[in-house]
Amino acid sequence: MKLRLILGDQLNQQHSWFQEVDRDVRYFMAEMRQETDYVKHHIQKVVAFFISMRNFKKWLEDNGHQVIYYTLDDLDNTQNLTENLKKVAEEQKATSFEYQLPDEYRLDQQLKEISSLLQLPVQSFDTEHFLTSRTDLTGFFEGKKQMTMEYFYRDMRKKYGVMMVNEKEPEGGKWNFDKSNRNKWTGKDPIPPEKEYDRNVAEIVSLLEKHEVQTIGNINEKDFDWPTSREECLEVLQYFCKYLLIHFGDYQDAMHEDEKYLFHSRLSFAMNSKMLSPKEVIDTIIDYWRSHQEDIRISQVEGFVRQILGWREYMRGVYWKEMPSYKKKNKLQNKNKLPEFYWTGKTKMNCLHHAIHQSLDDAYAHHIQRLMITGNYALLTQCDPDEVDEWYLGIYIDAIEWVELTNTRGMSQFADGGIVATKPYVSTGSYINKMSNYCKGCHYKVSKKLGDDACPFNVLYWNFLDDKRAYFKGNQRMSMMMSLLNKMSPDQLTAYKERANHIIENPHEY
1 MKLRLILGDQ LNQQHSWFQE VDRDVRYFMA EMRQETDYVK HHIQKVVAFF
51 ISMRNFKKWL EDNGHQVIYY TLDDLDNTQN LTENLKKVAE EQKATSFEYQ
101 LPDEYRLDQQ LKEISSLLQL PVQSFDTEHF LTSRTDLTGF FEGKKQMTME
151 YFYRDMRKKY GVMMVNEKEP EGGKWNFDKS NRNKWTGKDP IPPEKEYDRN
201 VAEIVSLLEK HEVQTIGNIN EKDFDWPTSR EECLEVLQYF CKYLLIHFGD
251 YQDAMHEDEK YLFHSRLSFA MNSKMLSPKE VIDTIIDYWR SHQEDIRISQ
301 VEGFVRQILG WREYMRGVYW KEMPSYKKKN KLQNKNKLPE FYWTGKTKMN
351 CLHHAIHQSL DDAYAHHIQR LMITGNYALL TQCDPDEVDE WYLGIYIDAI
401 EWVELTNTRG MSQFADGGIV ATKPYVSTGS YINKMSNYCK GCHYKVSKKL
451 GDDACPFNVL YWNFLDDKRA YFKGNQRMSM MMSLLNKMSP DQLTAYKERA
501 NHIIENPHEY
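Using the numbering used here, the first residue of the sequence shown is number 1, and each one after it goes up by one.
Hints in this document: simulated from the structure, not taken from any laboratory.
Heads up, some of the hints might be wrong.
[Unchecked claim] Once the Cα atoms are required to be at most 25 Å apart in a straight line, the calculated SDA-like pairs of lysine to any residue come out as:
hint	residue 1	residue 2
1	Lys168	Ile298
2	Lys321	Arg154
3	Lys40	Ile298
4	Lys279	Gly139
5	Lys57	Asp76
6	Lys487	His443
7	Lys57	Tyr69
8	Lys327	Glu401
9	Lys158	Lys168
10	Lys210	Glu194
11	Lys279	Lys210
12	Lys87	Gly139
13	Lys93	Gln110
14	Lys337	Lys321
15	Lys188	Leu450
16	Lys335	Ser325
Please put together the full structure from these sequences, using the hints given.
Set out below in structure tokens:
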């Protein structure tokens with residue numbers, strides 16, 4: 001008997017494993033404390049994975065496959081992958097073991113250890129999900145001093161013939177329409193209501209409570225609307241095409257108090273659990289655009305394609321190129337604790353209040369909220385990237401380490417010293433004001449730098465640049481801001497730094 005493992009983020013119905021029924025194969029899946037407890041996850045994240053896994057198990061069985069499935073409360077469940085596999089292999093008298101390559105380094109190492117323990121013939125398979133292998137990015141940038149996502153993205157467009165006029169020229173005459181993706185949403189373009197799903201999540205919530213699984217965040221059983229089956233994922237994809245793609249690029253970076261999702265697709269969980277493949281998502285988006293070009297501009301589509309074909313594949317490549325040392329990088333030597341309000345949302349800073357409350361309530365925030373609100377504040381207050389990583393990995397429904405770590409430690413916190421980003425993504429309150437309406441209802445005034453009612457981001461920004469001068473010496477992208485810092489009067493800089501340090505030392509007051 002052949003024993004095959006399916007992990008919780010390997011719910012790919014299109015995988016070649018499942019195209020034919022083999023009565024000599026047993027598929028093994030398990031809900032385990034090993035996975036619920038390695039970091040404190042958002043309750044909606046755990047619920048979504050468990051429901052999705054159960055739906056996948058049912059699909060396998062409905063299609064004739066034989067499945068051994070351990071629920072969290074199964075008496076046979078040891079709650080550990082190694083022990084569970086040893087137990088199942090022995091009970092089933094397995095003659096071989098097969099698994100799909102995991103996307104997290106910790107599981108990759110664990111499965112290598114398990115393979116040696118089982119004393120069986122072992123074979124690993126590709127997940128047949130990504131458009132690149134683990135090592136493609138390493139090969140692409142071999143011999144180059146600096147990795148740049150844009151060049152990788154262009155190569156991917158050429159390689160897969162995505163939005164290309166010919167082998168060398170992109171449609172629309174440009175590779176990147178990022179400058180068209182920076183509009184502030186004012187309500188002028190309304191957002192249609194989303195489809196509501198009627199799901200019973202009470203069983204899973206009760207299971208987690210009974211077994212005292214520690215989680216963060218909130219769950220409203222009536223409003224839980226994440227797709228947890230391939231059919232639902234395809235419905236969300238179609239909804240995005242029909243109602244949101246038309247303005248996705250326009251408001252890709254926008255933030256607003258009244259709209260959590262704006263024109264974002266909310267497909268990241270569907271893809272990161274592999275219920276949808278990036279190729280089919282890209283193809284569906286482009287096909288829809290081609291039949292609606294009178295309404296949808298190319299800038300809307302390119303901005304979306306860039307996130308999946310470029311950024312998503314790029315970050316995975318960086319992860320496998322740089323692990324395991326990447327997880328400990330702290331180039332800027334930041335050591336401060338992440339403020340308590342990251343777990344409560346209780347802060348007078350309106351932008352952080354909204355971004356954090358939304359994260360706690362919905363296990364979701366889009367990339368600019370993560371990068372320029374919560375990430376920006378954590379970096380400006382010089383928080384330890386270990387603490388920042390743990391928060392991001394736990395709180396977001398789409399956070400699996402391969403994508404979370406590179407985006408947080410690299411893009412957001414610049415802890416890798418420039419492997420992912422060529423400069424730190426920090427700003428004063430002016431950027432937040434430009435891209436949102438958060439500042440309008442804030443306790444603090446975005447136009448002020450000093451005084452009790454001055455926006456904390458303003459002095460934190462200049463204090464950060466001053467504290468980290470040595471790290472940015474020679475960084476061309478930081479030269480203009482460092483020049484402005486150098487022209488600042490000593491008295492002004494001292495006043496900024498005094499207030500900034502008070503904010504850093506007393507976050508509960510703000």
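Tested hints:
no. : hint              : result
1   : Lys168 <-> Ile298 : 18 Å, holds
2   : Lys321 <-> Arg154 : 20 Å, holds
3   : Lys40 <-> Ile298  : 40 Å, violated
4   : Lys279 <-> Gly139 : 22 Å, holds
5   : Lys57 <-> Asp76   : 18 Å, holds
6   : Lys487 <-> His443 : 30 Å, violated
7   : Lys57 <-> Tyr69   : 8 Å, holds
8   : Lys327 <-> Glu401 : 10 Å, holds
9   : Lys158 <-> Lys168 : 7 Å, holds
10  : Lys210 <-> Glu194 : 33 Å, violated
11  : Lys279 <-> Lys210 : 40 Å, violated
12  : Lys87 <-> Gly139  : 40 Å, violated
13  : Lys93 <-> Gln110  : 22 Å, holds
14  : Lys337 <-> Lys321 : 29 Å, violated
15  : Lys188 <-> Leu450 : 35 Å, violated
16  : Lys335 <-> Ser325 : 18 Å, holds
Consistency note: the structure conflicts with the earlier hints numbered 3, 6, 10, 11, 12, 14, 15.
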